[in-house]
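**Q** For reference, the chains in residue letters:
There are 2 protein chains.
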Amino acid sequence: MKNIVVNLDLEPRHKQKLEAAAPGCVFTYAPGRTLTKELVQQAQILIGFPPAKWIEASPRLELLQLYSAGADAYIQPGILAPETRLTNATGAYGKAVSEHAFACTLMLMKKLHRYRDSQLQHAWRDAGPVTTLSGATVLVVGLGDIGLSYARLVKAMGARVIGVKRRAGACPEGVDELCLTSDLDRVLPEADVIFSILPGTADTRYFYTRERFAAMKPTAVFINCGRGTAVETQVLADALRDGQIAAAAVDVTEIEPLPADSPLWDLENLLITPHVAGNFHLPDILERVVDIAAANLDAYLNGKPLQNVVDFATGYKK
Amino acid sequence: MKNIVVNLDLEPRHKQKLEAAAPGCVFTYAPGRTLTKELVQQAQILIGFPPAKWIEASPRLELLQLYSAGADAYIQPGILAPETRLTNATGAYGKAVSEHAFACTLMLMKKLHRYRDSQLQHAWRDAGPVTTLSGATVLVVGLGDIGLSYARLVKAMGARVIGVKRRAGACPEGVDELCLTSDLDRVLPEADVIFSILPGTADTRYFYTRERFAAMKPTAVFINCGRGTAVETQVLADALRDGQIAAAAVDVTEIEPLPADSPLWDLENLLITPHVAGNFHLPDILERVVDIAAANLDAYLNGKPLQNVVDFATGYKK
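Chains as they are written, first to last, in our numbering: chain H, 1 to 318; chain D, 1 to 318.
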């Protein structure tokens, strides 16, 4: 009989599904900001995305099931006790985040951000040539669920997809060519689109250096829906201002929320969305999160293998 | 030996292709605004998009090969002499216009226009739930080359496509269900997306009435890349302001350029692009236009059947 705290805004049918997976357990539902540090400290199992500092390596906490795919805040030393298991919600966000990134890609290629700006000025103004995914080379940096979903979308429009990952392995369906992260600099100059969906780890911090932006095509578009720490703010601003790339769209920034005086806001060739790509904004995300959490409750309580166990070295599921 | 006037901005290889198709003819190249009424009046064959009033039913003009798909300005009575043949460039614009419309569709569904507006205010502001094409019902009104290309794009993202056309016929590949224009009102309430790519004819003028917008889902998005005359300005403005539909994107307006004081500019749930979807903004449009024109030069001069002959009743190719 475990004490389970659920930091999610659920409908009765979702609660029924979780409770059926953990018979006899005591559930406390604390959606959004109703979660408190006390509840976190009391939890034996926590389903949610609590402020990491509230955990304080709580020795009571046996399983932390995140509703996010990103686990960067929890893999830092001292946050979780050594025995605490950590699982994420990889698989819940593939559709939502890949579609958001795909929409951003097309918006930039078709210059719709520029047309929106002209519209606000009541200006009927032609912004000139556009580009197409048909025949374009797209780098997908980070080949988890989201990266592979995005690869399928751009491929359906005729793009050639180069997938970039840390370790060698079989080339997944929907990816034309596999490239190791260590070989990235060889393929960067070929890319018309670079989609970054890297998790936030020590290895990915400031991954896109000045040298890497300088190696990109001046016509390239860069999309980041992974973690903002992959690009230093000023490096991104300079790359866009100096025309090292044509345009970018970021759903994540180095500091979030982006400060009101950030140099990024006013770059006309940058589209900023406020970390919303996966923010439960498609109904099916919550359904999938609940399914993953219910399966892991059942697995944990019955000594079966968990799914989506986070690899502390990569930030991905193992 | 015909006098051929070409109102296109061409590279030498394009000129070679046209001249090879009409050996012995005299070519005059008058790109863009260098075309004059005198040149139009002298032409026996004209390749371009001349101001219709300059033609004045010129008895010299034997063939007018448009570089546009739309032919509305030329099918009005009194513009062309009865013997003049009229052909358009259907087939050149499918990719460019369908991709533009698709990008607009995704932009509206993912609320990227709203995020752009927030960005201009330096506001990190969540705009709430989004929608997806996966499982959505998409009406494609006008099943020419552009409509069918768009149908393929939305279908690749998991949409169900209902194609709307004037005359019964076989259901084209990529379309799940065919609906006659006369049956449109039956399917309008089902549509999550309505893509209009109707030509400008007497039948399509003010096609989308107040009643039709009232029949649409309040969550629907409406995309018009056909002709602006399909919707009266105030009807569109009211539908958007009153929330009869969620959002719209128009590449065409009833009056173009859109007057600076139009009520449309400031509607936050409307995206306006200035009739650019097919405006030679993808390099392959010009290639295809030249191919069509060269084939029709050869056909006309050798008494073979022309392609893309415009049907004066529908505005489409026959």
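Quick caveat, the hints were computed from the structure, so don't treat them as lab data. Treat the hints with care, since some could be wrong.
[Said to hold, decoys possible] Negatives, chain D to chain H, calculated, CB over 12 Å: (1) 20; (2) 114; (3) 125; (4) 165; (5) 172; (6) 258.
[To be verified] Rough simulated footprint, nothing fancy, chain H against chain D, three-plus residues with beta-carbon under 8 Å: (7) 48 to 61; (8) 151 to 159; (9) 179 to 185; (10) 190 to 198; (11) 299 to 309.
The beta-carbon is built from N, C-alpha and C at its ideal position, and this holds for glycine as well.
**Q** Give a verdict on every hint.
**A** Structure-based check of each hint:
1. 20: 27 Å, holds
2. 114: With a cut-off of 12 Å, residue 114(D) comes too close to chain H, as the shortest Cβ separation is near 10 Å.
3. 125: 6 Å, violated
4. 165: 25 Å, holds
5. 172: 18 Å, holds
6. 258: 5 Å, violated
7. 48 to 61: violated (count 0)
8. 151 to 159: It holds: at least three residues are needed, and the segment 151 to 159 of chain D offers 3 whose Cβ sits within less than 8 Å of chain H.
9. 179 to 185: That given contact is violated, which follows from only 0 residues of the segment 179 to 185 of chain D lying within Cβ reach (below 8 Å) of chain H.
10. 190 to 198: violated (count 0)
11. 299 to 309: With 0 residues in contact (Cβ-Cβ under 8 Å with chain H), the coverage given for the segment 299 to 309 of chain D is violated.
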